[in-house]
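**Student:** Each chain is listed here by its residues.
2 protein chains.
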Amino acid sequence: MTRDDCIALDANDPLAAHRHKFALPDGVIYLDGNSLGALPRATRDRVDQVIAREWGMGLIRSWNAAPWIDLPRRVGAKIAQLIGAQAHEVICADSTSINLFKVLTTALRLQASRPLVSSRERKVILSERANFPTDLYVAQGVIDLLGQGHELKLVEFGEVAAAIDDCTAVVMLTHVNFKTGAMHDMSALTSRAHGAGALMVWDLSHSAGAVPVDLNAGRADFAVGCGYKYLNGGPGAPAFVFVADRHLAAIADDTYAQPLAGWLGHQAPFEFVADYRPAASIDRYAVGTPSIVALSVLEVGVDTVLAAGMDALRAKSVALTQLFIELVEQRCAEQELSLASPHDAERRGSQVCLSHPHAYAVMQALIRRGVIGDFRAPDILRFGLAPLYVGYADVWDAVLALHAVLASHEWQCAEFQTRETVT
Amino acid sequence: MTRDDCIALDANDPLAAHRHKFALPDGVIYLDGNSLGALPRATRDRVDQVIAREWGMGLIRSWNAAPWIDLPRRVGAKIAQLIGAQAHEVICADSTSINLFKVLTTALRLQASRPLVSSRERKVILSERANFPTDLYVAQGVIDLLGQGHELKLVEFGEVAAAIDDCTAVVMLTHVNFKTGAMHDMSALTSRAHGAGALMVWDLSHSAGAVPVDLNAGRADFAVGCGYKYLNGGPGAPAFVFVADRHLAAIADDTYAQPLAGWLGHQAPFEFVADYRPAASIDRYAVGTPSIVALSVLEVGVDTVLAAGMDALRAKSVALTQLFIELVEQRCAEQELSLASPHDAERRGSQVCLSHPHAYAVMQALIRRGVIGDFRAPDILRFGLAPLYVGYADVWDAVLALHAVLASHEWQCAEFQTRETVT
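Residue numbers (this note's numbering), protein chains in the order written: chain A, 1182 to 1604; chain B, 1182 to 1604.
No wet-lab data here; the hints were simulated from the structure.
On a predicted model such as this, the values are computed, not experimentally measured, just so you know.
Among the hints, erroneous ones may be present.
Per the computed footprint, the stretches of chain B lying under chain A, defined by three or more beta-carbons under 8 Å from a beta-carbon of chain A, are [as the list claims (entries may be wrong)]:
{"no.": "1", "region": "1197-1210"}
{"no.": "2", "region": "1259-1270"}
{"no.": "3", "region": "1414-1427"}
{"no.": "4", "region": "1447-1458"}
Ideal Cβ positions, reconstructed from N, Cα and C, are used throughout, including at glycine.
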């Protein structure tokens, strides 16, 4: 494999035209789309239209005329196409953390209403120790708030299936791990959870737009996910929430099954009645008034993914991550790197993670060379290979830059040692 | 008073220059800034800068470099200046509904930890029957979720003080009523609540940027508010939350006193540890990643209010609402209108509400004439007089248009009768 081979792969890439739909700075290889997706070129005009025309000229009338009121469901329906959900099972709202709070409380409530199959109460929320921390924090907050003796049980990646038993109320997992890119088998684990009488909550933050997801094929119960990574929805984009329609039906008469009762979750928000009556739909997972500007930015991002198609994206993603790993193995073999992601592409999302004892400084030096990945404590170099805008030659150049940083020891420069609070 | 007198008042208006800082459509008199503030001219450029430069070129680096990470506190500190709070007591986050959930749960938790002063438990959340419904819904959701036998007690506007007793855990009020514009006496009610051992939560959605507020002078405990009304933060702008620093100190060791435990509320989010340890500051009222685009839009809006100054805004607001009422009394006396707002400016926010048996159709006809107010069920015509961009001649013209709609009976046209779902 040579750089020219990579250039040839780029030239023959069926997704090549999509790359030009993104505005990326010159001299930068951007391998952090798993943290913040790149800017679609169409976003600026769309946002300006929303601000100048819909807000500025339409003013309050745009809630009906644009119509803004449909936006959470409209963008939700588009995301549904990417995650194997029906349009009416997904809505955009709030943040991933808050959506997780909603579905976790719903799931525990549904469990509490079911007859026990054994003498043991279902009080365990089972998750992965290496789950993204906010998921664990939200679960801890829910447990404390309910005060019903629930427990958060954390196990290692490969131990989840074996840990599911008749005490398990909910299995809460992130499909693709934020730090390693390791991907759970959604269907198998959902099936295992159901077999034991547990409900399954999936966090798709590193999956939506990155890998094909089929929630309904696997009969997932609940899911949440983030708009600002592979969906290219901009910094802090609104999140999404999925509730399987059988559960929407099951909670139809349970007023506070989604306990964040806000006016936009009401069945008739504009009647302004004093008593909460939830909408008989996914709308009850809305709470307050959503940011129309942020949702509009997100919609443009989701459209970039839909235009490319998940199958083509996955095929290129696998090829890119495989190439990255092979080149690291060939070019950086003598360095202190080890692969922290699964070697098998079937078990990996769209990122490759390497561990290195001085990962923070190495990443700073790499960024100085124009290769932007990120660092995750304590020792992970994280490279997101978003197939919409990353090419094969980018991978080649990135690995060569990594080799240069390591071989030259330039990461040892004092300027790369001081950690900023945020990465 | 003649139209020329109004034009003279506009010419001598010390805030006249501020009007030109807003983009408003020709031929429209916009009296709905209490629902959605107008577009500041500076917003388009600022948003484009955030999108094209900070996101597009800065990419993930902008979290540190812009720095985006400071935005919730920076905008919160600006809003603090408008509501009599200290900079470190306010943060922008989520929606008003969700922020209310946070502070209501904190308040109930603080109450539960205090010794009782009588033999009766404090289980009452006291509010106003005509409060904005989402506030009531959130309280109902919290009560159900906690399952500790709390009760939401609703009384009429003028009955709140008398209803506070030793069963009251929390008094939760919206300072300026969304439908009538009637304003509570913040200091007196807070003092009354404290005297009875209750805590006080204020919703400032119709106050921030509309009337002077001094939370700390009145020793308010908690407050929330909305960014998209008088703060001109755009449709669905992020909301804000205030927690008095004595309470931030009191809950420092209570991990889940704010139960929506998200990673940005953690004291060290980027250490990615598995256990939630809240920040020892207002940061713990952050949850997930906030929309940077939406916060940037909000900041421009807040700046428009700060530039004018609350005292000047209030003086003009009082003059505008007084003029509106006087002109309605003079010009529309023979119509079926009655004033639904307090006559005394001291007890009124920056809006004037009139009731009319056919309010919906009347408002539709008025909008057709280019005067945009809104309708609130069942019979309210609502006119928000945002002093930043509404002038005296606007008030004159609006009242004449109202008179024309009523005197001509044009509101009886069939086209004005069909209600849209949203207003």
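**Student:** Which constraints among the numbered hints does this structure fail? Numbers only, ascending.
**Tutor:** 2
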